[in-house]
Structures are given as structure tokens and as C-alpha cells.
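A.B. asks: From first to last, the protein sequence lines are chains R and U. Here the first sequence is numbered in this note's numbering, starting from 8 and rising by one per residue. Here the second sequence is numbered in this note's numbering, starting from 11 and rising by one per residue.
Keep in mind that the hints were calculated from the coordinates and are not lab data. All of these numbers come straight from a predicted model, not from anything done at the bench. There could be a bad hint or two in this list.
Distance condition first, Cα-Cα at most 25 Å in a straight line; then the derived DSS-like pairs of lysine-lysine [said to hold, decoys possible]:
no., chain 1, residue 1, chain 2, residue 2
1, R, Lys202, U, Lys232
2, U, Lys61, R, Lys205
3, R, Lys205, U, Lys180
4, U, Lys26, R, Lys429
5, U, Lys232, R, Lys205
6, R, Lys365, R, Lys399
7, R, Lys48, U, Lys26
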Amino acid sequence: MAEKKSHSSPEWFRLDNAGILFPGQNTRNWSNIFRFSIEMKEKIDPDVLKQALENIMPRFPAFNVRLRKGLFWYYLEKNPVKVPKVSPDIKNPCYRVKFKESDRFLFRVYYHGNHIAVDLFHAVSDGYGNSRFVCTLAAEYLRLKGHNIPSGGFVKNIREIPPSAELADDFPKYANSKAKASITDKHVYHPTGTKLSKHMVNMTCGIMSFDEIHSLAKAKGVTVTEFFAAIMLDIHCRKQLQETRRLKEVSVQIPINLRNVYPSETMRNFSICLMVKVDPNFGEYSFDELLQQVALQLRLARDEKKINATISKHVRIERNPFLKFLPLPVKNVSLNVATLVGAEQTTSVYLSNLGEVKLPDEMVPFIEKVLFVPGPGIRTAARCGIASFNGKLIFTIANCYEENDIEREFFTTLVKMGVHVKIESNRE
Amino acid sequence: MSYCVNCGVELDSTAKKCALCDTPVYNPALKSTNNEPTPFSRIPMIPTNIKQKFVALIITYILLIPNIVCTLINLLVNPHNLWFVYVLSSSFLVWVVFIFPFFTKKLHPYIMWAFDTITIALYVFVFHAKNLGGEKWYLGIALPTILTVSLCVLFFIYWGRKKKRHWTSKMLLIFIELVISLSALCVCLYIAQHMITFDVFIVIDACCLALVFFWLYSNRSKKVRAWLGRKIFV
Numbered sequence: 008m009a010e011k012k013s014h015s016s017p018e019w020f021r022l023d024n025a026g027i028l029f030p031g032q033n034t035r036n037w038s039n040i041f042r043f044s045i046e047m048k049e050k051i052d053p054d055v056l057k058q059a060l061e062n063i064m065p066r067f068p069a070f071n072v073r074l075r076k077g078l079f080w081y082y083l084e085k086n087p088v089k090v091p092k093v094s095p096d097i098k099n100p101c102y103r104v105k106f107k108e109s110d111r112f113l114f115r116v117y118y119h120g121n122h123i124a125v126d127l128f129h130a131v132s133d134g135y136g137n138s139r140f141v142c143t144l145a146a147e148y149l150r151l152k153g154h155n156i157p158s159g160g161f162v163k164n165i166r167e168i169p170p171s172a173e174l175a176d177d178f179p180k181y182a183n184s185k186a187k188a189s190i191t192d193k194h195v196y197h198p199t200g201t202k203l204s205k206h207m208v209n210m211t212c213g214i215m216s217f218d219e220i221h222s223l224a225k226a227k228g229v230t231v232t233e234f235f236a237a238i239m240l241d242i243h244c245r246k247q248l249q250e251t252r253r254l255k256e257v258s259v260q261i262p263i264n265l266r267n268v269y270p271s272e273t274m275r276n277f278s279i280c281l282m283v284k285v286d287p288n289f290g291e292y293s294f295d296e297l298l299q300q301v302a303l304q305l306r307l308a309r310d311e312k313k314i315n316a317t318i319s320k321h322v323r324i325e326r327n328p329f330l331k332f333l334p335l336p337v338k339n340v341s342l343n344v345a346t347l348v349g350a351e352q353t354t355s356v357y358l359s360n361l362g363e364v365k366l367p368d369e370m371v372p373f374i375e376k377v378l379f380v381p382g383p384g385i386r387t388a389a390r391c392g393i394a395s396f397n398g399k400l401i402f403t404i405a406n407c408y409e410e411n412d413i414e415r416e417f418f419t420t421l422v423k424m425g426v427h428v429k430i431e432s433n434r435e
Numbered sequence: 011m012s013y014c015v016n017c018g019v020e021l022d023s024t025a026k027k028c029a030l031c032d033t034p035v036y037n038p039a040l041k042s043t044n045n046e047p048t049p050f051s052r053i054p055m056i057p058t059n060i061k062q063k064f065v066a067l068i069i070t071y072i073l074l075i076p077n078i079v080c081t082l083i084n085l086l087v088n089p090h091n092l093w094f095v096y097v098l099s100s101s102f103l104v105w106v107v108f109i110f111p112f113f114t115k116k117l118h119p120y121i122m123w124a125f126d127t128i129t130i131a132l133y134v135f136v137f138h139a140k141n142l143g144g145e146k147w148y149l150g151i152a153l154p155t156i157l158t159v160s161l162c163v164l165f166f167i168y169w170g171r172k173k174k175r176h177w178t179s180k181m182l183l184i185f186i187e188l189v190i191s192l193s194a195l196c197v198c199l200y201i202a203q204h205m206i207t208f209d210v211f212i213v214i215d216a217c218c219l220a221l222v223f224f225w226l227y228s229n230r231s232k233k234v235r236a237w238l239g240r241k242i243f244v
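Chain R extracted, bound-state conformation (with noise of 0.2 Å):
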């Protein structure tokens, strides 16, 4: 079967259209790299969980990787070595990729105490294909462990040979869109704040009830990411009213799942991401009118014509002959000024909703919470992850500043409002 699987998988593919954004952007001090965790009710074996990880990796020839430069283009190449190290979890999560580190593996898999974590480059994959790779290896874990649990929801089903379809990229055979996108913004508030030492990040999870959350976003009319979404724009409008006179927008870019738009079956990256956002200049908006805003502003964004003229866009400009021949240092380079003077400019906060993560029955009693953790930002104070489990909803900030007020305002609000949250953080 190992044979069968191992032929099937292709030497070398192309980055997907997203992916391709990000080995550029990797600086030294600086990668897009998010965090996938799952906390056990028992501690963690590393000798099984290398075993495990050992017998799953055939399965997910798009993690099994490692990143080569052409004369044009990043490609990924099937690495070599079988697996990569299991490590004693560390303080600061999500710190730089190097490519050649690791045994050339784009993924960093950590155990501590009851949690299995996996910190994953964004050119491999993105959080759907990341939570599915974790609960299949805590799935994989608890097999060993001497349980038996079978496939479905979130954990792959390691026997099988995976399908090609898993391995493409599926943004060019979705991008079919003649309209014009416009792919620009405007530049909006960041927080201010004292920096954290290079590498460093101040993680703070909030513990809640998903149903107390469901039914105060359901009274509202909206969903529980627009009911945050609001919440984030609250705060992060009034902060900027006492840090500046001149104002300017605050936006929250939600990163969209669009094998929900389209039918696919990709472990590679295969999201777009929707900005929201309001202008304080215009006037002070309250809460409602921000949920309102948050609410009607996304579900227009929504609209798959829109999100299929953006991807044909991002497929255009990666087509395009003479980008297409511009050397890979070149393209480097613009890549890092593009990044400077765009990307994290356009967003006041980052907010991930990853969703209900879904197990098979058999396993639910050995799983403790599921946690999501996007990577620390170089400007935004609040890069939000959520994730719930059984009744239980982690949202998670990574904040690359020392003050946490953002964090405190958050989870004081939710609780003004009668959340009962319960905060874990990496703070000492």
C-alpha cells in the first residue's frame, strides 16, 4: 500500500495561487505561519506521537514537502526524509520559517503536557487542510494509544491512496470571472504599542460556551465571526478616538473557506480572505450599527461573482507573461516592498473562523478542546483565531505588542455580557 501511495504522489508541484505570495514575503524576522493544536485529557507520548506522525505522513503527500527556488518560481519537491522532529512545545508559537531548517519540512509539529500543536508555513496548506492533518495524527495517536477510532469529519482515513484532487490547485479551475476586481485598499489604524522582541508573541485564549455565544449573536441576527468581527471594530474605533485626532478607517479582514463556494477537495490553500470596515469619520458608530455594518457589508462581499472576479484576478496576475519571466530574486524583492507598503497596512485586525471542528463520536471523549492560532502580525495587535469543539469555542488573539489591552477590552466585553470565559495565555 506504502508503495501504491508513494508512486501516486507527484516528485514536484507548483505553488498553489495563494501560496505563492509566501515564501517571498519570509523574511528572517518574519513568516506566515499558523498554529493548529488539540489538548487531550491524557499526557502526551512523543515516541507515539513519532510513530504516529510516522504513519500518517504517506497520507498527506501535500505536507510531506519541501521548498526548492527555479529560475522563475518557488516549487515544492517530495521531501526525502520520512518525517520531521517531534519537539517539547515552546513559548512562542508561529516564530520564523527556514526553509532549510527542520529537515526542509514546512511544518513544525510540538507536544506539552496534553496538546499535540502543529505550527504549519501558509504556502503548504491552509487551516482547513492544517486541522485535518492534526486530528487525523491525534486520531492516529489514540490508535496507538490502543483505541479504536475510525475515520470521518476531520480525520483522513489513512489507508486510503489520497486523490489527486487533493493536491490541486484549484483556484485557475474555479477563476473563469471577465470582470474587473479591484484588488486595492486604503491604508487603516493599527494600535500603537511597544514591539515585542523579534519572534516573540503574547498568545491569550478565551475559553467560552459556543451556545452562550450562538444565541447572543443569534438575538443580534448575525453570525457568531460578524457578532466578533463587531466586537473587534468597537474596540479597536474607540481606541483609535483616544490615541489620535486624525482618523481613519478600521477594517477586519475574515479569511473565507471556498471549498464552501466551490466543490473541492484541495489540502492546499484554497481561501480568500473579505475585508470589512467603517469609517469613524463619518461619525461614532454604536454597537448595532456595527454589527449591521459587519453583517450587510459580508454578506455582499459573499456574493461568488465578486469572490470569483477577485480569484480570477489573483490567477490573471499570476499568469501574466511578463511577471511570469521576471527572475525569482526580482520577484522576491517586489514581493517584500509589496509587502511593506501593503499587506498588513490595509488590516486593523486579522479574525480566522475556523468553525465547529468535527470528530468521530468514538473519539470526542479523549479530546479536551481544539485550539487555532494564526501567526503574530508585524503591525496588527489582534490576529484572531477561533475554533469550537463540543460545545466549547477557543478564540484566540496573538499580539505581537506588549500591551494587552486589546485582549483585556475583548474578553471584558464578552463577559459584561454575560459570557462566562476562562483565559489561558502564554504571559508570564
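Keeping the supplied structure of chain R fixed, place chain U upon it in accordance with the hints.
C.D. replies: Below, chain U without anything else, positioned relative to chain R:
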């Protein structure tokens, strides 16, 4: 289970203080939790950089090769004209300024700058010793200018280390020091009666003085500082 009296959130059983407001946890009912694992690891991972000392050593060896070759060729082919001292002194200057700091990471910046100043003075002295451009220029123009610039840089290091400064303040000091250094050079040129180059330096000095006023203004005006911050953001 502990709650923060300030924020109202439940805290992890291993928490010593609230992660949101730093209020210390005091719960007499809670047993000692030293053995309980914290929710996150407490050990940071600071990525290592390239082994700088090793790279510096390699560059030193590479730099040695042309120097040895030039010295041998000069001594064997034309021993009367010792041009190899230019190659040697230039390489030595490059080595002291750019490569030597990688060998001594913990050396105090003042001492490091003193080394650099001495090397630069010696480098210029080589040209003086070879009788280039007359006899008096080294003691009359070059050495006083080098010392003035060196003192300015020394003050900049001292001032910068004292506390964190805004970049517009740094720009202001750079231009003030530039004016001082150029003025020192002008005085030396005037004393040495190098009237042609003297005029050029007066014009440059005046331009720098204008820039000093610009940075002085932008340093004082919050609005201009914010505008510059937006325009020249790195």
C-alpha cells in the same frame, strides 16, 4: 478555580496573575500547583542566526590572499615603489571596520569606535607618509577633521544609548553633527589656505544647516512628525 477580581474572567489553575490585567492571583483554597503543566510552554525558542564568527574568519582568509599576492609581486618585481602598502592599509581598514566587530561581539561600542578612529587616522597617514598632496595637510586638515567627526559619532552613540529616541530627533542630531564636522573642515581649510575647496564646503555646510532647521521644525511639530511617519514608513 480562580477568577480575576478585576476582569471577571476565570483563570487557569497554574496562573500566578491575570493575563489580561496582571492582577495577582490569591486563592487560599487552591492547593499548590507546581507540578501541574501550564497551558503553554514557558521555554521560548529564539532562532539562531548564521555562525557569524565562522563567516568572519572565512572572509578574513579570503582577504589575506590578495594582500599576500600583492606584497610578494611588489617586493619581487618593483621593490623601489612600495605600492602594496595601499592594498594592505585598505584591506586593514575594511577588516577593522566591517569584520572585526563579528569576532568581538561584547566589545563596548565606545572602544569599538576608538579602534575605528585610530584605523582611519592611520589609513590617511599612509597617504601622508607617501607624500601625496603636500606635507602639512595631514596634521592641519585631515587629523582635526577625523577627530571632530569621531567625537560627533561618539556623542551620537552616547545620546542614542541613553534612551530610545524618535527617528526625527536622530535625523536632527545627524545633520547638526554634519554641520559641526563640515564647519571644522572649513576652518581647517581656511587656516591651510585651500581656498578653492573651502568655497564648496561652505555651500554644503549651508545646505546642511537648512536641513537642520527642517528637522528641528519636524521634530517639534507633532503633525509633521506623524505625516513623515506615514510617508517614510519602513
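A.B. asks: Does each hint hold? Answer for all of them.
C.D. replies: Structure-based check of each hint:
no., hint, in the structure
1, R:Lys202 with U:Lys232, "holds (21 Å)"
2, U:Lys61 with R:Lys205, "holds (18 Å)"
3, R:Lys205 with U:Lys180, "holds (23 Å)"
4, U:Lys26 with R:Lys429, "holds (14 Å)"
5, U:Lys232 with R:Lys205, "violated (28 Å)"
6, R:Lys365 with R:Lys399, "holds (12 Å)"
7, R:Lys48 with U:Lys26, "holds (23 Å)"
In this structure, only the earlier hint numbered 5 is contradicted, and the remaining ones agree with it.
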